[in-house]
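**Q** Residue strings, one per chain:
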Amino acid sequence: MNSRTDSRKVKNVSRRELLKLTPVIALGAFAIPQLQKPLLKGGLGFSDWASARLFRSGHLASTFADSDLTSFDKFPINDYDVDDPGVDFDKWTLTVTGAVQKPGDYTLEQIQALPKFTQNTRHVCVEGWDVIGRFGGVRIADFLKMIGADPTARFVTVECADDYYESLDMATAMHPQSLLCYEMYGQPLTREHGAPLRLSIPTKIGYKQAKYLTDLKVSHVLGKVGYWEDQGYSEFYGL
Amino acid sequence: MATRALTIEDVKTGEVTQAVYEHPFVVRLCHWVNAVSLFVMVGSGFQIFRAFPSFGAKIPQKDLINWPKAFALGGWLGGALQWHLTFMWIYIATGLLYLGYQVFSGNYKQVLFVRRDLPGVWPMVRHYFFFGPKPPVSEAYNPLQKHAYTSAIVLGALSVLTGVAVWKPVQFSWLAWMMGGFHLARLWHFLIMWAMLAFVFGHLAMVVLHGWNNFVSMLTGWKKHPEYPSE
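Residue numbers (my numbering), protein chains in the order written: chain F, 7 to 245; chain P, -17 to 213.
Read the hints as simulated data drawn from the structure, not as lab findings. Check each hint, because a few of them may be wrong.
What the hints assert, rightly or not - Pairs of lysine-lysine, PhoX-like flavour, derived with a Cα cap of 25 angstroms:
{"no.": "1", "chain 1": "P", "residue 1": "Lys40", "chain 2": "P", "residue 2": "Lys51"}
{"no.": "2", "chain 1": "P", "residue 1": "Lys116", "chain 2": "F", "residue 2": "Lys17"}
{"no.": "3", "chain 1": "F", "residue 1": "Lys230", "chain 2": "F", "residue 2": "Lys15"}
{"no.": "4", "chain 1": "P", "residue 1": "Lys206", "chain 2": "F", "residue 2": "Lys43"}
{"no.": "5", "chain 1": "P", "residue 1": "Lys91", "chain 2": "P", "residue 2": "Lys206"}
{"no.": "6", "chain 1": "F", "residue 1": "Lys80", "chain 2": "F", "residue 2": "Lys43"}
{"no.": "7", "chain 1": "F", "residue 1": "Lys15", "chain 2": "F", "residue 2": "Lys108"}
{"no.": "8", "chain 1": "F", "residue 1": "Lys43", "chain 2": "F", "residue 2": "Lys230"}
{"no.": "9", "chain 1": "F", "residue 1": "Lys151", "chain 2": "F", "residue 2": "Lys47"}
{"no.": "10", "chain 1": "P", "residue 1": "Lys150", "chain 2": "P", "residue 2": "Lys(-6)"}
{"no.": "11", "chain 1": "F", "residue 1": "Lys26", "chain 2": "P", "residue 2": "Lys116"}
{"no.": "12", "chain 1": "P", "residue 1": "Lys44", "chain 2": "F", "residue 2": "Lys80"}
{"no.": "13", "chain 1": "F", "residue 1": "Lys108", "chain 2": "F", "residue 2": "Lys223"}
{"no.": "14", "chain 1": "F", "residue 1": "Lys80", "chain 2": "F", "residue 2": "Lys97"}
{"no.": "15", "chain 1": "F", "residue 1": "Lys17", "chain 2": "P", "residue 2": "Lys150"}
{"no.": "16", "chain 1": "P", "residue 1": "Lys150", "chain 2": "F", "residue 2": "Lys47"}
{"no.": "17", "chain 1": "P", "residue 1": "Lys206", "chain 2": "F", "residue 2": "Lys26"}
{"no.": "18", "chain 1": "P", "residue 1": "Lys206", "chain 2": "F", "residue 2": "Lys15"}
{"no.": "19", "chain 1": "F", "residue 1": "Lys15", "chain 2": "P", "residue 2": "Lys91"}
{"no.": "20", "chain 1": "P", "residue 1": "Lys116", "chain 2": "P", "residue 2": "Lys40"}
{"no.": "21", "chain 1": "F", "residue 1": "Lys80", "chain 2": "P", "residue 2": "Lys(-6)"}
{"no.": "22", "chain 1": "F", "residue 1": "Lys122", "chain 2": "F", "residue 2": "Lys26"}
{"no.": "23", "chain 1": "P", "residue 1": "Lys206", "chain 2": "P", "residue 2": "Lys40"}
{"no.": "24", "chain 1": "F", "residue 1": "Lys122", "chain 2": "F", "residue 2": "Lys108"}
{"no.": "25", "chain 1": "F", "residue 1": "Lys47", "chain 2": "P", "residue 2": "Lys51"}
{"no.": "26", "chain 1": "F", "residue 1": "Lys47", "chain 2": "F", "residue 2": "Lys15"}
Stated by the list, open to error - Which residues of chain P face chain F? A few of them, derived with a C-beta cut under 7 angstroms, are:
{"no.": "27", "residue": "Ser87"}
{"no.": "28", "residue": "Asn89"}
{"no.": "29", "residue": "Pro115"}
Just so it is clear, CB atoms sit at the ideal spot from N, CA and C, and this is done for glycine as well.
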């Protein structure tokens, strides 16, 4: 459709077409310091929201053959403070509080009385590396039943002997592969790996697998989220 | 598809030129938003990579490269992840909008590399790199351009798929499985980024060499003095 027109008209048409692109400038908001933080927080929040929607309670993380295991000496020990916070095993108990019928101090023997599950699962660190380890323990779901946790509660939070702390959404806590773990590679946890009790959640990123647990709380609202999350990491980070 | 075309008469000199409407609004919008997103995704991706610059084991760790912080965005791992996990949605949304528009408008014919374009590739390579004669221009993009743009679109899709496999290796275990597991998915994601960067470098070089006219057309949609028949 050729039509003859004069150059002024073309200039006007071009200018109008160029102006249509002005919404792209809105992305510049990310470069403004006062706006950058809330925008990125919103973006991360949206990702967490989507992550929670993508989580499927019945979907299991892959499990592996013993021959796929990373050898125990090559299973990294990550901590933010000390490898060994010096837990006194004789006096150790898990202190349970919050929306539960039976709060109180639980000994390792009481926890180990629950059915034991062992699984070879992948441990993925937020840094990018991954290893396959053998983890043994009891289902968090079984423990929550034992302590009479309110089924309508939304979070399980834990505190650790090294002042680390973490939280889990209830759907993930109830997942059949989410463990209160007291064994790795068929041996009681070593101090570096979080003795006497740690989390092993193959549907979550590494920093959620808190070690040296001392306290467990069931709650409807979340105050602090987790040591890394409160510094800007993803709150949900489900794999 | 009939291209909108104009014959322009300069009001002062009376000179007559042609112009065609080469890039629809949605294509231009997606192009520029994607340019920003790609920059952010690559920059923050480098910062994320700095946390573990290796594709081997953690113990013992053998770094592939000590990536300089100057070419990284986000300041630290957590900050970079915030950028990455925010802009991935913009990147995906732009990609879907672009693909949807191209398919439903029929405009995809402008860029899609098809079998018919195959014989034209070598003459263009000869022209660009070995001083061969310039093949006749019959449409907006020559076969080599179509090949490059189609590849870039495929790479864009693959960057998302490999990224999802790295982000959600459990929920999208089938994706991770197709890539050989989480560990290799991370490597694919990295390699696809480099392939995309190779495209971007070539693309920018061609813009610098060939054309103000091309550059303006991606802003206004209109290209003056098209080398091909406007209808």
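**Q** If a hint holds in the structure, say so; if it does not, say that too.
**A** Quick rundown of the hints versus the structure:
no.	hint	result
1	P/Lys40 / P/Lys51	21 angstroms, holds
2	P/Lys116 / F/Lys17	31 angstroms, violated
3	F/Lys230 / F/Lys15	61 angstroms, violated
4	P/Lys206 / F/Lys43	43 angstroms, violated
5	P/Lys91 / P/Lys206	21 angstroms, holds
6	F/Lys80 / F/Lys43	38 angstroms, violated
7	F/Lys15 / F/Lys108	80 angstroms, violated
8	F/Lys43 / F/Lys230	19 angstroms, holds
9	F/Lys151 / F/Lys47	35 angstroms, violated
10	P/Lys150 / P/Lys(-6)	62 angstroms, violated
11	F/Lys26 / P/Lys116	35 angstroms, violated
12	P/Lys44 / F/Lys80	14 angstroms, holds
13	F/Lys108 / F/Lys223	12 angstroms, holds
14	F/Lys80 / F/Lys97	31 angstroms, violated
15	F/Lys17 / P/Lys150	49 angstroms, violated
16	P/Lys150 / F/Lys47	20 angstroms, holds
17	P/Lys206 / F/Lys26	19 angstroms, holds
18	P/Lys206 / F/Lys15	14 angstroms, holds
19	F/Lys15 / P/Lys91	29 angstroms, violated
20	P/Lys116 / P/Lys40	52 angstroms, violated
21	F/Lys80 / P/Lys(-6)	78 angstroms, violated
22	F/Lys122 / F/Lys26	63 angstroms, violated
23	P/Lys206 / P/Lys40	56 angstroms, violated
24	F/Lys122 / F/Lys108	21 angstroms, holds
25	F/Lys47 / P/Lys51	23 angstroms, holds
26	F/Lys47 / F/Lys15	45 angstroms, violated
27	Ser87	16 angstroms, violated
28	Asn89	16 angstroms, violated
29	Pro115	29 angstroms, violated
Violated hints for the displayed structure, listed by number in ascending order: 2, 3, 4, 6, 7, 9, 10, 11, 14, 15, 19, 20, 21, 22, 23, 26, 27, 28, 29.
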